[in-house]
Structures are given as structure tokens and as C-alpha cells.
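Engineer: Sequence lines, in order, name chains Z and C. Sequential numbering from 1 applies to the first sequence in my numbering. Sequential numbering from 1001 applies to the second sequence in my numbering.
Some hints here could point you the wrong way.
[To be verified] Listed below are the simulated DSS-like cross-link pairs for lysine-lysine, each with C-alpha atoms no more than 25 Å apart in a straight line:
| # | chain 1 | residue 1 | chain 2 | residue 2 |
| --- | --- | --- | --- | --- |
| 1 | Z | LYS248 | C | LYS1200 |
| 2 | C | LYS1187 | C | LYS1141 |
| 3 | C | LYS1154 | Z | LYS188 |
| 4 | C | LYS1003 | Z | LYS264 |
| 5 | Z | LYS125 | Z | LYS157 |
| 6 | C | LYS1111 | C | LYS1141 |
| 7 | Z | LYS111 | Z | LYS125 |
| 8 | C | LYS1234 | Z | LYS264 |
| 9 | C | LYS1154 | C | LYS1187 |
| 10 | Z | LYS111 | Z | LYS188 |
| 11 | C | LYS1141 | C | LYS1154 |
| 12 | C | LYS1200 | Z | LYS264 |
| 13 | C | LYS1111 | C | LYS1154 |
| 14 | C | LYS1224 | C | LYS1234 |
| 15 | C | LYS1003 | C | LYS1224 |
Simulated from the structure, these hints should not be mistaken for lab results. Predicted model, so just to flag it, every value in this text is computed and none were measured.
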Amino acid sequence: MPTRALRTAASGMYAQELNIEVISNNIANINTTGYKKNRAEFQDLMYQQVNVSPVDSSATGVSGATTDTLQIGNGVQPTSTEKIFTQGDLTATNNQLDCAIQGDGFFQIKKSDGTYAYTRDGSFKVDADGRLVTSSGYILDPGLTLDSNALSVSIAKDGTVTVNQVGGSSYVLGNIQLARFMNPGGLKSLGDNLYAQTDASGTPIIGTPGQDGFGEINQGYLESSNVDIVQEMIAMIAAQRAYEINSKTVQTVENMMQMANNLKTS
Amino acid sequence: MVKGIYLAARGMQARMKNIEVVANNLANLNTTGFKEEMPFTMVMNQYGKVALQQNTDFEQGNLMQTSNPLDLAISGNGYFVVQTDNGTELTRDGNFKISNEGYLVDENGNKVMGTNGAIYLDKLSPDQKKFVTISTSGEVKMGGNIIDNLLIAKMNDPEEAPRTTGVNFSADGVGYQAASLSDYTVKQGYLEESNVNPIKEMENMIQLNNEYDSAHRIINYLDKSLDEANQIGKV
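So here's chain Z without its partners, still in its complex pose:
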């Protein structure tokens, strides 16, 4: 029975459903600072050698059916979602603690449990102790602490943080460093705009912004989400049509099964 075609079509419909979920998450994050869009990854399922086994009979001229086999696939399976790290647009905010990375790299964040996370969201704040933290309260690493005399902060493209004090004097507080990965697509999303390293991403490489391929830091800017609404809408339309076309397979097979049932009319 041709249930393979039905299962195959069902796997295709399921894959498109998942695709829509990924697309809708992208669209929901169109205004999330530093958000990187996702893409669902699919792989085809195993192929089987199928015997066509044509109806055979000893009737004159009918015998001698082929024993050739065919390879027929079993549909599709979702394997992973991959992040797409294209640059997002920089938006001027004129907020002196907002930093955007133009190019490759992530800000390194130390979480309360001592593990590291990485983010492209540079909307930093100062916490009660004067430390530079992300909007969710995670501490920037290596840490930078402002004292009570600090009037303003200027951050150079290479990450050097200079504090201007009351009275006009200024001093260098420290450097913001960036982390890069050999395969950023393999990073794990933790939510809160944070990513964690995995085996697939490789270990982080820490470096100075603007050198050795690291991106530059732009003070007073934030990186917008890299989701392009038109592209996502097109992807959504395509996914919906792909879902529909797989449902047509189901209809067609059903139609054929019905004809087979009607072979014997009397």
C-alpha cells in the first residue's frame, strides 16, 4: 500500500510547521537589540531500495517481470536551527553606555553561577555597585566599575574605556574585550539575548576590538535585529505554500487509492 507517500507528505508538512515556528520567532524579535535570526535546518530521511514487484502471471506475454529495485526516500526530518550572524543595522541612541559591535565578535558576560555567556546586545547599564551590566543585570567580563566621581564615559573603537571625572580630569578605566568563535552558528541560545558556547561553536577567542578580524565598538549605537521583515514574510508564504503542496500529495494519493478500490465494480 502506498502509505509511504502519505508518511512522506506528513513529514514534509511537519517540517514546514516547524519552519513557520522559527519564522514567527524571528518576526516576533524584529525589534530585539542584537537578535540574530534563526533558520530551520532539514535533512532527508534514509533511502530504501524498493522492489517494484510488478504483477506477474504465467499468462502469455505477461511473464518476465523486472526484479530491478528503486531507491525511494522516506521524507524529511528537522535537524537543527542555525543562527545567521549577518550584521544588523546600527541605530544611534546617543546613550553613552550603549555599545554596538560593527563586525565579528561578542561581549563576554559572566553569569551569577560563574559561567560565561556571550551577547551582541550592548545596551549596558550601571548597577548599584557601579559595575557595567547588561539590561538583564549580567556583569560584563572583564569587569568595569565606575566610581562615584565619574561624570561621563567615553568608549573608543578599540574598546578602551576612559572615565571623565568631575573637575575635568580623566583616566583610562580599562578595556572592553570581545570574544569570537570559529563557528558562531553552533552557539546555543540561552534567551535574554545571550549565547553559550558548545562543542559545535568551538572555544571562544578573546581579543581587542578592531584587531585580528574582531569588530569595532561603536559608542552611542545599538545593533538592531538582523531580521528583514520582507524576507521573513516571503519565507512564511513559501512555507505555507510548501505545506499546502505536501497536503496535495495526500489528496492525490487518496484519490489514487480510491481508484484502486473501484477497480472491481461489479
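Mind docking chain C on chain Z? Use the hints.
Structural biologist: The following block gives chain C in isolation, referenced to the frame of chain Z:
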């Protein structure tokens, strides 16, 4: 007449199997590196002996930018070579990553082959400023030093290549040789999309359905005729 019924029935069976092929193509509309399987044709000689012909459409898929340094796509003729537990396989799916041991591997953890064996990317220590760049000819560079070349293969007989799991083709059955540089371009930060054309598949599906219908009608007519022939002897 009995012969006709059998032949028409074979026609129905073949169309049904072909719908499975079309269904698989449609399910893989979004599969990276997927190559469309064309519906097979049955070549029949005068004795009703059937030979099967199955072809894959190796047309280039669109390249989609992902900006991930380990996403690779081949433009032109050629395949990445991966070493699996079941032997050497050829693939157009260049969605690669790094394994625990520091090797370049595919989505399923199979090692990607270079001209000097598996490509070893080294476990990076934080002080090493090494980034992978891959040139259009397949040179794998780490911080400026060429560490290996991607092995890009050409199948000796693409039509005979059996598919395995994933979008891979088994190389053991067909054999392969290194592709010449003029045949392909490797694109870093890109993936190749599936080359399935949904309109073509829809056409195929409609046509198969109609052919199935025709074969079904033929059987009905022949059945009816045989029934009438059976009536001749009756009083």
C-alpha cells in the same frame, strides 16, 4: 485481453511508486543540498519485460548567505567528501561544524575529508588568534597558514550513485576522482538550497494521477469486455 489487464495494472503500480518519489521531493523543499529525484521511467520491451531507469537532477541549487564561516557551498560541479561509519560519502550539504576532537565534521558528526585525510582544525586555545578562511578553490587557512585543502570530488558515474541517509551519495558504489579547479567554486558563509521546483513536482503529480486514472479505466473496460465474453456461452 488478460495480458492487457496485467500491463495496465503494472502501469498503476509504477505511478503509485512514482508518487512516492514526488512526495519525497516535495517534503525536501527546504533541505540543504538536496537534489531532486526525477520520477523513474519504465522501459518495456515487446515481451512486457520492464527495465527501470531512475535519474537524479543534479542542477545547481540557489546559494543562500548565512555568514557562518563553517557553512560551505559548492557552485558548479563537485562534492564534499565525508567519512562515515558506512564508508565514504559525497554530499552537497556543507553545513559543517567542529567536533569535540577538533575535526571539521558534518551535521551528523562525520569527518570532512581534505586532500591529506580528515581536516583537523585544532582545538583552539584562547590566546591563539586563528580563524578559518576557506578560499574559492578549497584551501583551508588558519590565520594565514594553509593547513589543508578540501577534497572536492567528482563522481565517475553520477546516475548510478546510490543515496544513503541524509543528502549524501555513497561513493563506494560509483567511485570518484578529485574535481579540477575549473569545475567548481567553494563559497564560505553560504549554503546550497534544495533544487526542487515545486511547480514541476505539481505537474508531475497531476500527470501521474491522470495516467493512473487512464490505466484504471483500461482495466475497467477490459474487465467489462471479459464479462461480456463470459455471457456468450449463456442461454
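Engineer: If a hint holds in the structure, say so; if it does not, say that too.
Structural biologist: Outcome of the hint check:
Of the pairs offered as hints, the one joining LYS248 (chain Z) and LYS1200 (chain C) holds, with about 14 Å between alpha carbons and a cut-off of 25 Å not exceeded. Between LYS1187 (chain C) and LYS1141 (chain C), the direct Cα distance comes to roughly 14 Å. Compliance with the 25 Å bound is thereby established for this hinted pair. Between the alpha carbons of LYS1154 (chain C) and LYS188 (chain Z) the distance comes to roughly 35 Å, so the proposed pair goes past 25 Å and is violated. For the proposed pair LYS1003 (chain C) and LYS264 (chain Z), the alpha carbon gap of about 17 Å is at most 25 Å, so the pair holds.
Only pairs whose Cα atoms come within 25 Å are accepted, and LYS125 (chain Z) paired with LYS157 (chain Z) is accepted, the gap being roughly 19 Å. Between LYS1111 (chain C) and LYS1141 (chain C) the CA atoms are separated by roughly 18 Å; this keeps the pair inside 25 Å, and the hint holds. In summary, the hint linking LYS111 (chain Z) to LYS125 (chain Z) is supported, as the alpha carbons are separated by about 15 Å, within the 25 Å threshold. Taking the CA atoms of LYS1234 (chain C) and LYS264 (chain Z), the gap is about 22 Å. The hint holds against a cut of 25 Å.
Distance restraint check for LYS1154 (chain C) and LYS1187 (chain C): the Cα-Cα separation of roughly 17 Å lies within the 25 Å cut-off, and the hinted pair is therefore satisfied. The hinted pair formed by LYS111 (chain Z) and LYS188 (chain Z) meets the criterion: a straight-line CA distance of about 15 Å does not exceed 25 Å. A distance of roughly 23 Å separates the Cα atoms of LYS1141 (chain C) and LYS1154 (chain C); the hinted pair therefore holds under the 25 Å criterion. A C-alpha spacing of about 33 Å is found between LYS1200 (chain C) and LYS264 (chain Z), which places the hinted pair above 25 Å, so the restraint is violated.
At roughly 18 Å between alpha-carbon atoms, LYS1111 (chain C) and LYS1154 (chain C) fall within 25 Å of each other, so this suggested pair holds. A C-alpha spacing of about 16 Å is found between LYS1224 (chain C) and LYS1234 (chain C), which places the hinted pair at or below 25 Å, so the restraint holds. The straight-line distance between the Cα atoms of LYS1003 (chain C) and LYS1224 (chain C) is roughly 15 Å, inside the 25 Å bound, and the hint therefore holds.
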